[in-house]
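Okay, here's what each chain looks like letter by letter:
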Amino acid sequence: MPFSWAQLKSIQSEQLLPKDAVTVFSINNISLLQKISMDELVNYEFMSEVHQELFDGSTSGKTLKDAGLDFNQRLNLFYGKTNTHELTGFTFGVSDRKALFEVFDDFQNLESDIPGLAVYGTFFNNLMIKDNVALLIRIEPTMEHIDEVTDSIWFARGNEMPFDFFDDQISPDPENILDEETFEDNPNTNIFPEATENPLVKNYYELRDSVQMMLQEAALSAVIQEIFVQGANLYNTDTRFAAQLAHQAEGAFYLDNARNLDKSQGLWYFQTVLPTLYKDIQELYAGNVILGDLFLRDNQIDFEVDALYGPALGSIYQQMNDARFDKRVLDYIPASSPAYFTYNINLQQAYDQAFKVLLPLLSDEKNAQIAMNVLTLELLNEFINKEALFDTYKGSMFGTFNGIKKVTTKKIEFTYDEESFEYEERETETQTDMPIFTMGFSTARPDIPELILKHMGRLTSRIQRFDNYWRIDNAILDAAPLYIINTGKLLILSNDEDLARFHSKGYGKEALGNKASKKAMRSGFMYGKVDVTQTLDRFPTEVLTPRNAEIVASLKGKSGQLELTSTETDAAHTRFKLSYHFEGQEAPGKHFLDLVNSLYVIYTLNP
Amino acid sequence: MKILFSFLLLLSLVSCIEISDDITIKNDGSGTFRYKINLSESLVKVNSILALDSLNGKPVPSKAEISAKINEFVRLLDAQSGITNVLVEENYTDYIFKFSCDFTNIKQLQDAIRLTIEQITNEKYPVGAEQYWLSWDGTTLVRTIPAYFTQQIKNFKFEDDEKLKTGVYASITRFERPVASFENKLGALSKNQMSVLVRTNTFDLKNNQHLLDNTIVLTPR
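One line per chain: the protein sequences are R and G, in this order. Read in order, the letters of the first sequence are residues 15 to 621 in the numbering used here. Read in order, the letters of the second sequence are residues 210 to 430 in the numbering used here.
By construction, these hints were calculated from the structure, which means they are not laboratory data. There could be a bad hint or two in this list.
[Unchecked claim] Computed from the model, here is a short list of chain G residues facing chain R with C-beta under 8 Å:
#1 LEU252
#2 SER257
#3 ASN401
[What the hints assert, rightly or not] Distance windows between CB atoms, simulated:
#4 R:GLU297 with G:PRO268: 35 to 43 Å
#5 G:THR375 with R:ARG479: 34 to 42 Å
#6 R:ALA349 with G:LEU395: 46 to 54 Å
#7 R:GLY471 with G:THR302: 20 to 28 Å
#8 G:THR302 with R:PRO325: 48 to 56 Å
#9 R:ASP512 with G:THR313: 55 to 63 Å
#10 G:VAL297 with R:MET227: 51 to 59 Å
#11 G:THR241 with R:ARG479: 43 to 51 Å
#12 G:ALA273 with R:LEU473: 19 to 27 Å
#13 G:ALA273 with R:GLU441: 25 to 33 Å
C-beta atoms are modelled at their ideal positions from N, C-alpha and C, and glycine is treated no differently.
So that you can see chain R by itself, here it is in the shape it has in the complex:
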């Protein structure tokens, strides 16, 4: 039976979510956000794709409440990517259209052939309102798809390669070809094609612009048809998402990892060259969905996540997480540590299971390179002493960030004599700020690292043996020493001299207290704690990739503690809980949005 809008007694905002949405944040109790100003809201990254027209002064001094939003409905932020386009936006309830358009004042009314549906548009975004629900959406065709369609039309019209003109005027240095600055900054190079003599015939770039616009319109039209005519939306098509929204939580989170994988550009090689292997990987990831609830409690926001996976992947995770916690690692985490984690896996069981699951997939592939890799893997599996390997690194590990400390490094100073200002160089010591990290893991074969260090020490004077530790000079960034402590049960690597010299047997009373230790021990396969102020505000974001820097930047300036626990693991799922405990008088809605924003950045930038 065809869908009829009238069948639905009362449509809700979540029923306007496109079915291609891969990541969704759904904020249930949006009355929490009543006092958030629109200006603050548009500054969040999750608004960045759709906020251009909100950033023109129309939001000044207004809150969400002034914007005509219906606080009895959910606010749903979404992001999705298909093979042809990306889509982003949000859906919400509308209580006052007049107030809404005082904020969304740049939208023009567009023609709609769907009864009852009002469609508005700006240069970038579209807004659709039906009854008392609205969808604000931006759709961008992917560059690959635009190129593919443009090339197809271009060649079908009998044109030559559009890039031939580069050859005559630009050196064939590949670096220069990619150097857009060189092309665009120099008006004299004149390398882009002139408009054709016939104004009705488009050159390549004019054609490409037209294709982009047509694809955008076609994709938007398809989404409108799906949602408002066929009634196909994420809520209807994925029962797991619908079930998640039934939870009594302030917010819900949904990420379909299987579809993410399907659209991942990083796997294009498998998709095109090894299609059967790609299909196997898809099957492996089938059912891989991350579902989460956000709860706002007293001065705390809990993000409870259930990572679901299919049987094959689940069997590997189950074996991997079947491990006993090594309590000895706790002696090396100081109670004052601003950030630390423990990670507890059974590497040998995980290896055995992965070998059992993955090798048959690879073995079926009729590809010379894969066949050689499979042979290598099988031979290594036979010849290597796996027991020694997995006893050396048993899979339980910990890491700490102990703040920034001054470390002594050498520097060269220029000096000038008074007689003639002749210059000399003098080597002196200087103090440099360095983040102090410690990482360690449990081992049942302390003799193996000892053997390696002993022989390496014979080769270079940079490796020296002291009573309780080894020191490798200039190992950290060619400037500071690395200390290696081999306790016989743990192998610890650190750039913390204090740890090596005075705490090689553990921090004793200065180590984590009983309460914190118990939390780490009882926390499934991983546990992490971060003092946001002490850690992230001091983290040098410029040394990160732009993506990761954006994630850290989204958390900067916040106060409180982040705690990650994993509570349950079996073949079907793993449960995680991320708690954000905040201090101060700031509105909980603000903290809530801060956390939603950070999670949005993490999940949309690093899918």
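Please build the complex by placing chain G on the supplied structure of chain R, with the hints as guidance.
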């Protein structure tokens, strides 16, 4: 150009930097120009940056790329008229870079540097910028910082301006006969009376790019 930009970006992130420019002018107007950059105090920072693929979205040049660019600069400068004995020392252990060249006269030195910069960056010297930053009439030397560099310093957003206070810029001018007077109040005269040293920190220099300007008058021959 990208590599040059990335190298400048790298310098902007390194606050503890020591720079020395050193010019010797003989009575006949010829001389030697030396330039030294010392990043040894920022060794950790430089190494951590060079270990990255990209920084603030821009590719980080490798040591080989930096070296290639420096050598290209040397090659281009060496080909300019009036310039000889171009030497460069690159120390990638302590990150100290030293450059020197001899010149026939001050005008040729300045023209050679300007032309080399234009060739290496594929950019015209900024229109309106003063082409000459040194002038010498046989008795009086007037020196400023080239407009091209003051513009670059102005435009750069340094990571931590406060830390620039630990950076040092030393400007030395040497002659074959004693100095009679000089104008810069930060300047000092060597005991042999034939060299003037002006020293400041990089923070002050960033805020006032004319701090090193000087007019030096020599005793008559």
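Right, here's what the structure says about each hint:
no. : hint                               : in the structure
1   : LEU252                             : 5 Å, holds
2   : SER257                             : 5 Å, holds
3   : ASN401                             : 5 Å, holds
4   : R:GLU297 with G:PRO268: 35 to 43 Å : 38 Å, holds
5   : G:THR375 with R:ARG479: 34 to 42 Å : 36 Å, holds
6   : R:ALA349 with G:LEU395: 46 to 54 Å : 50 Å, holds
7   : R:GLY471 with G:THR302: 20 to 28 Å : 22 Å, holds
8   : G:THR302 with R:PRO325: 48 to 56 Å : 55 Å, holds
9   : R:ASP512 with G:THR313: 55 to 63 Å : 59 Å, holds
10  : G:VAL297 with R:MET227: 51 to 59 Å : 53 Å, holds
11  : G:THR241 with R:ARG479: 43 to 51 Å : 50 Å, holds
12  : G:ALA273 with R:LEU473: 19 to 27 Å : 26 Å, holds
13  : G:ALA273 with R:GLU441: 25 to 33 Å : 27 Å, holds
Every hint from the earlier list agrees with this structure, and none is contradicted.
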